[in-house]
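One line per chain: the protein sequences are A and B, in this order. For the first sequence, numbering that gives the first Met the number 0 begins at 0 and goes up steadily by one. For the second sequence, numbering that gives the first Met the number 0 begins at 0 and goes up steadily by one.
Just so you know, the hints here were simulated from the structure itself, not pulled from any lab data. Take these hints with a grain of salt, some might be off.
[Said to hold, decoys possible] Covered, in the sense of this in silico footprint (three residues per stretch, anywhere, with C-beta under 8 angstroms from a C-beta of chain B), are these stretches of chain A:
#1 213-225
#2 239-249
#3 266-272
Where is the CB? At the ideal position from N, CA and C, for every residue including glycine.
Protein chains: 2
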Amino acid sequence: MATNRAWRLESRPTGEPSMENFELVETEVPEPGAHEVLVRTLYMSVDPYMRGRMRDAESYAEPWDVGETMKAGVVGEVEESNHPDFDAGDVVTSDLLWADYAVAEGRDLRKVNPTHGPISTAVGVLGMPGVTAYFGTTDVAEPTPGDTVVVSAAAGAVGSVVGQIAALSGCHVVGIAGADEKVEWLESVGFDAGINYKEEDVPSALREACPDGIDVYFDNVGGPITDAAWPLLNVRARVAICGQISLYNETEIPTGPRKLGKLIESRAHVEGLLVRDYEDRWGEALHRLSVWVANGDVEYRENVVEGLENAPDAFLGLFEGTKIGKQLVQVGERSG
Amino acid sequence: MATNRAWRLESRPTGEPSMENFELVETEVPEPGAHEVLVRTLYMSVDPYMRGRMRDAESYAEPWDVGETMKAGVVGEVEESNHPDFDAGDVVTSDLLWADYAVAEGRDLRKVNPTHGPISTAVGVLGMPGVTAYFGTTDVAEPTPGDTVVVSAAAGAVGSVVGQIAALSGCHVVGIAGADEKVEWLESVGFDAGINYKEEDVPSALREACPDGIDVYFDNVGGPITDAAWPLLNVRARVAICGQISLYNETEIPTGPRKLGKLIESRAHVEGLLVRDYEDRWGEALHRLSVWVANGDVEYRENVVEGLENAPDAFLGLFEGTKIGKQLVQVGERSG
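Could you build all of it, start to finish, from the sequences and the hints given here?
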């Protein structure tokens with residue numbers, strides 16, 4: 000039988016993570032027990048929140064132990080099933096492992112519906128990032144027609160969907176991203192304007208792109224980009240805090256301009272968002288998103304790195320911000 | 000006829016305001032025109048938000064012009080009325096002037112009901128600060144029984160009412176204030192615990208006073224006290240931003256630890272609050288508050304400085320934080 004490769008957390012990073020923090024080990028392919036299923040990884044997702052799990056500190060995601068195989072959203076094929084709902088060859092998705100194979104309880108797996116789109120989307124636009132964008136927009140940001148909506152990390156897996164849903168909602172949508180190519184893509188999928196924060200002065204570019212101020216700020220990055228958006232918040236603005244990737248590698252408590260006083264003037268709502276709060280409504284989001292994807296209302300991009308051995312590279316690339324759309328690692332091919 | 004004294008903004012303060020920024024001038028007593036009423040000031044309120052109006056910058060309160068007579072919440076007696084709803088001798092309240100006399104449109108005056116309590120309360124517990132506390136608690140902070148509620152500037156005109164309403168709501172209430180005498184008073188009016196931030200280490204005192212974390216943080220001060228409360232916010236906590244007095248005298252953009260990341264973990268709501276948004280519901284708040292005051296459920300303290308000439312002193316004292324309860328200036332006595 001094939002061997003199984005798995006990425007373990009070798010050490011906790013200080014500041015920027017590096018290859019040294021990861022160790023690839025070979026193990027035996029695990030055996031599924033009662034009610035369990037053996038899944039062979041086809042696609043593995045790398046996401047910014049994983050940086051929090053590498054840290055030995057309380058966070059919204061439980062920290063990984065050093066020496067532990069790291070977890071990831073996976074789309075895989077059932078190799079062997081001891082659960083009546085699954086057969087060999089089924090395509091499934093779940094939180095599994097940075098590994099070729101993983102064993103899971105049948106109840107923790109979700110079947111991927113291949114009529115919804117390429118199976119890789121089950122960890123992208125039709126998976127955690129898309130569902131995050133959906134509820135972050137509909138339930139937290141609550142855009143209404145005519146609102147000016149600003150999205151940071153707008154070309155990312157979450158931000159790109161947020162902006163497109165806001166555009167469908169009749170909003171003026173401004174995306175902030177880190178490359179001209181990203182800005183062009185955003186403008187081609189319904190964003191009204193894009194700002195390349197690596198080339199432009201963000202405060203003045205935002206003032207120009209948002210002549211009526213900001214009604215919704217959907218934040219994936221934190222830091223100076225958020226500082227630039229803050230003074231433009233309108234009365235009763237909504238701020239959805241989804242991620243703070245610019246701060247995840249900080250080694251000291253990051254400081255910046257104090258922001259709470261502005262909330263008195265604007266009576267803005269600021270609210271943090273975790274997609275796991277919406278587990279009961281996952282089906283609602285998937286239904287809406289799959290219709291939008293099918294009819295072209297929501298477009299998506301994927302950046303696929305080949306080979307499990309390159310998974311840490313794909314993860315580290317998230318902090319360079321050079322890629323468009325969902326970052327994936329292709330680990331295997333479908334059989335048959 | 001008596002002369003009229005009025006305090007004008009002589010110059011804009013840089014940092015801490017001082018007597019130099021105020022000028023007392025003598026003018027003629029103004030004449031009421033059609034539909035207007037001449038009001039003689041009995042009590043004048045000084046409030047932290049006035050610091051914002053001394054600044055030449057956009058804020059939630061319009062800036063005063065240099066040379067302009069400053070505005071204040073006033074309880075006064077009608078001297079002369081050209082409006083059918085008011086007669087000489089009536090006690091009224093409105094946003095009037097730092098002056099012995101002011102003229103106002105009748106429609107801008109509210110009659111003070113003397114059965115509700117001492118007339119001075121019309122600019123205190125039964126006026127703007129009490130109404131701010133009421134809506135900030137019921138509509139923004141939304142405490143539910145069993146919640147741990149932390150209030151900063153808890154012995155102030157707003158904070159003391161917030162804490163007592165939270166106690167009535169079945170909450171565990173912790174007040175932060177700047178003197179042992181204040182802490183003793185808070186504990187005597189229903190707060191479960193008080194912290195003297197000038198004597199105690201606030202982060203550790205808060206951890207001790209809030210063993211189950213913080214469900215509601217009602218912020219009147221900002222700065223390091225708010226920094227100490229932030230890490231203790233529970234899942235779905237509510238933060239009401241009512242004031243940031245610790246920052247009002249800053250000459251540069253104040254900086255501090257970045258706070259938005261914590262909101263992802265806690266999915267807390269943060270919302271700013273301005274009482275003028277609740278003008279339509281003022282009567283609701285006054286009714287509730289006057290019942291609570293009458294039956295002793297809500298107690299209040301006033302600190303009265305005698306004489307219009309001492310109004311700037313009373314205002315400057317707000318930033319020293321040495322006084323308990325509502326800061327008032329008694330300018331005149333009721334006639335007859």
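Check: What are the numbers of the hints the structure violates, in ascending order?
Finding: Result: no hint breaks.
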